[in-house]
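Engineer: Build the full structure now, drawing on both the sequences and the hints.
2 protein chains.
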Amino acid sequence: MEFGLNATHCYTFRFSQDDVIDFARVTGDNNPLHLDADFAAQTPFKRPIIHGMLGASVFTKVLGTEFPGYGSVYLGQTLEFLRPMFVDTDYEATFTVQSIDLSKHTAQILGEIRDVQTGKITTRGIATLMHKEKIM
Amino acid sequence: MEFGLNATHCYTFRFSQDDVIDFARVTGDNNPLHLDADFAAQTPFKRPIIHGMLGASVFTKVLGTEFPGYGSVYLGQTLEFLRPMFVDTDYEATFTVQSIDLSKHTAQILGEIRDVQTGKITTRGIATLMHKEKIM
Numbered sequence: 001m002e003f004g005l006n007a008t009h010c011y012t013f014r015f016s017q018d019d020v021i022d023f024a025r026v027t028g029d030n031n032p033l034h035l036d037a038d039f040a041a042q043t044p045f046k047r048p049i050i051h052g053m054l055g056a057s058v059f060t061k062v063l064g065t066e067f068p069g070y071g072s073v074y075l076g077q078t079l080e081f082l083r084p085m086f087v088d089t090d091y092e093a094t095f096t097v098q099s100i101d102l103s104k105h106t107a108q109i110l111g112e113i114r115d116v117q118t119g120k121i122t123t124r125g126i127a128t129l130m131h132k133e134k135i136m
Numbered sequence: 001m002e003f004g005l006n007a008t009h010c011y012t013f014r015f016s017q018d019d020v021i022d023f024a025r026v027t028g029d030n031n032p033l034h035l036d037a038d039f040a041a042q043t044p045f046k047r048p049i050i051h052g053m054l055g056a057s058v059f060t061k062v063l064g065t066e067f068p069g070y071g072s073v074y075l076g077q078t079l080e081f082l083r084p085m086f087v088d089t090d091y092e093a094t095f096t097v098q099s100i101d102l103s104k105h106t107a108q109i110l111g112e113i114r115d116v117q118t119g120k121i122t123t124r125g126i127a128t129l130m131h132k133e134k135i136m
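Residue numbers (my numbering), protein chains in the order written: chain A, 1 to 136; chain B, 1 to 136.
Simulated from the structure, these hints should not be mistaken for laboratory data. Where hints are given, some of them may not hold.
Identical chains blur together in the list; that is why a pair holds if it fits in one copy or across any two.
[As the list claims (entries may be wrong)] Cut-off 25 Å, straight-line C-alpha distance, at most; resulting in silico cross-link-like pairs (SDA-like, lysine to any residue):
#, residue 1, residue 2
1, K46, V97
2, K120, M136
3, K104, V116
4, K134, L5
5, K104, I21
6, K134, N30
7, K104, T78
8, K134, L75
9, K120, E66
10, K134, P44
11, K132, T78
12, K132, A37
13, K46, E133
14, K120, T78
15, K46, N30
16, K134, Q98
17, K132, P32
18, K132, E80
19, K134, F39
Structural biologist: As structure tokens, this is what we get:
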């Protein structure tokens, strides 16, 4: 679909526990809530949850490589972590162009991550980005 | 330092190109701007920049493991990507508690990442989190 006002884009994804372990190593966020099933069992979540920022990384993946794609310059992102996300679970991210400034080549894009099975939103945020070739 | 209003915390860090490659693999964000020196040379950045979200992952690392630390539940994050960040470069992240809601056990924490050498801010954002033991 053409990148323009109200354009949408969907992307489905899942993470494995190995992804979580790699993310913890690269970022240094070794919170046992993400890595230790025994620790997580003592929390309200009952089992390990993935890093909120790992779930949100689908925003940089899709905006940077698909919609609008290569050439995007990421200027900002808001994130609301509404519900925990888990490994080995199917999620769908939906992106909707909310506003465009043609003179600045910028757009604001709403991203929402849903658990495919429950339909509930886990993470929501608005990205601001510039793309000189696709937003003009 | 005690976690309370106006408390601050500093953390210095750097990323390697191997970290960038691992982050690209885990997240799926294989934008050549981060991975391909020849491609990056054709952009205004001249050399590969790290993913904005990788730089911002210092927020989840510090908030989740140090300040306030284990037990934090991440509720939200705003991010402004003000300047590019590079590998093999020293950065300092400074965190300042901006507001606290004792009844909800929540706090808003300003995070600012500076290039140690230039002193310029590369990334700024406000985190919202809950910690039942440390914010009460």
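Engineer: If a hint holds in the structure, say so; if it doesn't, say that too.
Structural biologist: Tested hints:
For the identical chains of this complex, K46 and V97 are neighbours neither inside a copy (36 Å) nor across copies (29 Å), given an alpha-carbon limit of 25 Å. Taking the closest pair of Cα atoms, K120 and M136 never come within 25 Å of each other, the shortest separation being 35 Å inside a single copy and 30 Å across copies. In the homo-oligomer, the alpha carbons of K104 and V116 never lie at most 25 Å apart, since the shortest distance is 35 Å inside one protomer and 30 Å across protomers. Taking the shortest alpha-carbon separations for K134 and L5, only the intra-copy value of 12 Å comes in at or below 25 Å, while the best inter-copy value is 44 Å.
In this assembly of identical chains, the alpha carbons of K104 and I21 never lie at most 25 Å apart, being 39 Å within a copy and 31 Å across copies at closest. Proximity of K134 to N30 under the C-alpha cut-off of 25 Å is restricted to the inter-copy arrangement: shortest distance 19 Å between copies versus 38 Å within a copy. Taking the closest pair of Cα atoms, K104 and T78 come within 25 Å of each other both inside a single copy (20 Å) and across two copies (21 Å). Taking the closest pair of Cα atoms, K134 and L75 come within 25 Å of each other only inside a single copy of the chain (16 Å); across copies the shortest separation is 33 Å, beyond that limit.
Only within a single protomer do K120 and E66 lie at most 25 Å apart by alpha-carbon distance; the minimum there is 24 Å, versus 31 Å between protomers. With identical chains, the CA atoms of K134 and P44 are at most 25 Å apart between copies only, with a shortest distance of 17 Å across copies and 44 Å within one. Taking CA atoms no more than 25 Å apart as the test, K132 paired with T78 passes in both settings, with 22 Å inside one copy and 24 Å between copies. Taking CA atoms no more than 25 Å apart as the test, K132 paired with A37 passes between copies only; the shortest distance there is 20 Å, against 46 Å inside one copy.
In this homomeric assembly, K46 and E133 come within 25 Å of each other (Cα to Cα) only across copies, at 18 Å, whereas the closest approach inside a single copy is 47 Å. In the homo-oligomer, the alpha carbons of K120 and T78 lie at most 25 Å apart both inside one protomer (19 Å) and across protomers (22 Å), since each shortest distance falls under that limit. Within a single copy, K46 and N30 get their C-alpha atoms as close as 18 Å, which meets the 25 Å cut-off; across copies the closest is 33 Å, which misses it. Within a single copy, K134 and Q98 get their C-alpha atoms as close as 15 Å, which meets the 25 Å cut-off; across copies the closest is 38 Å, which misses it.
Within a single copy, K132 and P32 get their C-alpha atoms only as close as 42 Å, which misses the 25 Å cut-off; across copies the closest is 17 Å, which meets it. Taking the shortest Cα distances, K132 and E80 sit within 25 Å of each other only across copies (19 Å), while inside one copy they are farther apart (28 Å). Taking the shortest alpha-carbon separations for K134 and F39, only the inter-copy value of 18 Å comes in at or below 25 Å, while the best intra-copy value is 46 Å.
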